[in-house]
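Novice: This is what each chain is made of:
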Amino acid sequence: MTAQGSQTSSVKRAAWIIVSTAFIAVCLRVAFFATPKIVTDLSNVVALSLAFAGLVVLTHYLGLLSLGQGAFVGVGAYAALHVVNDFGAPVLWMPLAGLLAGTLVGAVVAIPSLRLPKAYLALLTLSLAVAYPIILRQVDGNLPVTLNGGFVAPSWTGIAENDEHIWEFFLVAAYASVTLFFVQGLLRGPIGRAFIASRDQPEAARAFGIPVYRLRLYGVALSGGMAGLAGGLLMIPTNFNDYTHFPEELSIKMFALAMAFGGSRLISAIPGAIILIFLPVWLIDRNWVVEYGWVGLVKSEGFIYAALLLATAYITKGKGFMHLFERRQPKSKMQPSNRQVTSVVRGLSDLEEQLVQLEGLVGDRPDIRSRQETKD
Amino acid sequence: MSLFLQRTFDSLANGSAYAALAVAISMVFRSTGILNLAQGQLAMFSTYIALVLATGPSPYMKFSSNTDLIGAAWPVWAAILGAVAISMVIGAFTERVIIRPISADPVAAVGATLGVYLLLGAFVRKQWGGRTMFLGSPFPQTVEDRWDIGGARLWHDSVGITLTMIAVLGLLAVLQRRTKAGLAFRAVTSNRTGSLLVGIRVSRVLMLGWALAAGIGALAGGLIAGEINVRPDMMGRLLVFGLAAATLGGLRSPVLAFVGGYLFAFLETMLGGYVSFVDSQVTLVWALLVLIIVLFVRPSGLMPRTEAWQQR
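The listed protein sequences derive, respectively, from chains A and B.
All residue numbers for the first sequence refer to the numbering used here, where the first residue is 265 and numbers rise by one.
All residue numbers for the second sequence refer to the numbering used here, where the first residue is 298 and numbers rise by one.
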C-alpha cells in the first residue's frame, strides 16, 4: 500500500470511529431521555432496518424482486411468539426462532421459483404476502396473541423496572447491530462479489464456476432470515401479534422504500425503516388522512409511495436514490453496446495474448521444451 | 353427484375472472417480459368507471366537477363496454408514458407497475372511500334465471359471463391469427429485434398489447362485479388466482392461462366444498400451495417442457 493510500485509510478509520461513537451517544441519549412511545417506535425502526437490509441484499446485490418481505417478517413474528408461548423457550432467544423460520420459508419459496425466470420469485412472494394474513387468521384466530413473558432489565444495567422499553431498545439494537455487521462483512467478501457477478453477468459467473442458482437460493434464504429476525425483534417491544400486523400493503411499501433508498451499503436500509414507521404518524398528526379530493389524494400514503416508486424508476432507473450519491467508477473510453459480448471477447483476447506470451516463453527456453519432450 | 355438479357450475363465474386476468398478465409478459402487477388494480379502477357510467353522478363523488360530464345513467352492459374502452386508453397510456421509457430495466419497470398499483388504489380510496358498492350484472340475475340440470342449478349470469369470456378469447385468437396487427403481435413476441428489422413498429404493437390486456381486465372486473360487488380490494384475491393461473401457462401462453383460470376456480370450489377445514378464505392458501407444488414438480406449468426451459 502506498503512503497516500495508508493515510487515506487511517483518516477513514478515524472518521468511522468518530461517527460510530457519536451515533452510540445519540442512541443512549434518546433511549434514556425520550418518551417511551418514541423509544418503542425507534425499536421498531431498528428491527425493521434488518428486514429492509434483507430486501437490499435481494434487490441491489442479486437483482431479484421480493414482494413478500412483510410476510417474511410476519412469519418470524409468529415463530418467535409461539416458540415462547408453546415451547417455553427463553424470551431472549426468541428472535432466533424468527431467523430460523424466515430462512426456511425463504428457501421453500426460492427453491421452485429460482429455477424459472426472475418474475416467478416476485409472483410467488406477492402471493405469499396476500396469503399470510389469511393463514394467520385461520391459525391464530381473530384475537391478538400475547407474549407469555416480559423483558426485565438486569440490575447491573441500572435501568428501572418501569423503564423496560429502554432495555427492549438495547436488546433490539444489539441483535440488529451484530446481524448487520455480520452480513456487511459477508457482502464485502467473495460472497458479495459473487452476488454482484451473478446479478450483472450470470453466464460469465457460471463460466467462472460460480453456482448462480445456489447463490441466489442462499441470498433469498438470507433475506428471508433477516426479515424473520426482524419479525422476532418486533415482538420484543410489541409483545403481541395478530393477522392485521403484516398485510400485503406492508410488503409493497417495503419494496417501494427498499427500491428508493437501497444501495450498495446496508446502512441505506435505515431511511426506509424510518419512513415506514414515522410517515403514517406524521400524516395523522397533520390530519391529512381525512382530506378528500385531489389535495387529499396527493397527501395520502398510497400516493406518496406511488410517487416514490415512479420517481425511483425514472430518475435512478430502479437503482435507488442512494446510488446517485455513491462513488462512481471512472468511465472507460469504450462504451460497448453489448456488455456481455464485449466482456467475453475481451476475456478471449486476453487469453490469446497470454497464450502467445507463453508460447514465446517456451520458444525462448529450449531447456523447458527438451525436458518436456523427455518426460513424454 | 348433483352436489358435485352444483360446485362445478359455481366455479364458472370465478373461473372466468381468473382466466381473464391470467390471459391479460400472460399477454403483457409474453410481449414485454414485464410482470404487470397493476393488472388487478387497473381492472378494479375500470369497474369503478363502469359504476360511474351506470349510476351517473353519485353522492359519494368527491371530484364532483368531473362527474357532471357523464350525464344520465347507462345500462350495465353499456357501462361495462364504456369502461373497457376507457381502460384500453388507460392501458395504452400507461405503456407509452410510464413503462416504455424504462422498459429496458425490468426491475424499474416492475417498480413502475407497482407505482401504478398504489396510485390507482389511493385514487379510488380518496374518490369513493372504502365502502362496498353494487354494480349489478349485465345478465339476468333473479332467482328464476336458471336452468336445473341433474339436480343442480346453472345460473344464467354464470353462463353469460363464461360464454362472454370464451367469445372474447376467441376474438383475440382471430385477431392474432387473421389480422395484420395480430401477425405483427406474434412476430414481436417471437423475436423483437427481427420484427424491428423487417419494419414492424414494435412500440405500437406493444402499446396495443397493453391496451388489449387492460380491456380484458376491465371486462373481467365489470362482469364479476355482479358477483362480488365493487370495493377497492376486490381484485387482490383475484389477482393472486390470476397470477397462479398464468403460471400454469408458463406466463407465456394465453390459452393455457385461460384453462389454468378455470382449473384454479374448480380447485378452489371443490376444496372449499369437500374439505371440512378449508373455508372460503383459506382456499387461497391451498391455491398457493398447489402453485408451489406445481413449480416444484413441473416448473414449466402446462407448457411443453422444452419451450419453458428455453426461457432460462
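Derived from the structure by calculation, the hints contain no laboratory data.
None of the values given here were measured: they were computed from a predicted structure.
Where a beta carbon is used, it is the ideal one built from N, C-alpha and C, also for glycine.
A few of these clues could be false.
Now the stretches of chain B that chain A is said to cover, found in silico as 3 or more residues with beta-carbon under 8 Å [to be verified]:
no. : region
1   : 388–399
2   : 409–417
Partial list, computed: chain A residues near chain B (C-beta under 7 Å) [unchecked claim]:
no. : residue
3   : P376
4   : V442
5   : L444
6   : F445
Novice: Now, for every hint given, state plainly whether the structure supports it.
Specialist: Do the hints match the structure? See the list:
Counting residues of the region 388–399 of chain B whose CB lies closer than 8 Å to any CB of chain A gives 3, which reaches the minimum of 3, so the coverage claim holds. As drawn, the region 409–417 of chain B meets chain A at 7 residues by the rule of a beta-carbon pair under 8 Å; at three or more, the given contact holds. With 7 Å as the threshold, the beta carbon of A/P376 comes within range of chain B, its nearest partner Cβ sitting at about 3 Å, so the hint holds. Residue-level restraint check for A/V442 is violated (minimum Cβ-Cβ distance to chain B is 30 Å; threshold 7 Å).
Using the Cβ-Cβ criterion of 7 Å, the hint placing A/L444 at the interface with chain B is not satisfied: the shortest such distance is roughly 24 Å. For A/F445, the interface hint is violated, the least distance from its beta-carbon to any beta-carbon of chain B being 28 Å, above 7 Å.
Hints 4, 5, 6 from the earlier list are contradicted by this structure; the remaining hints agree with it.
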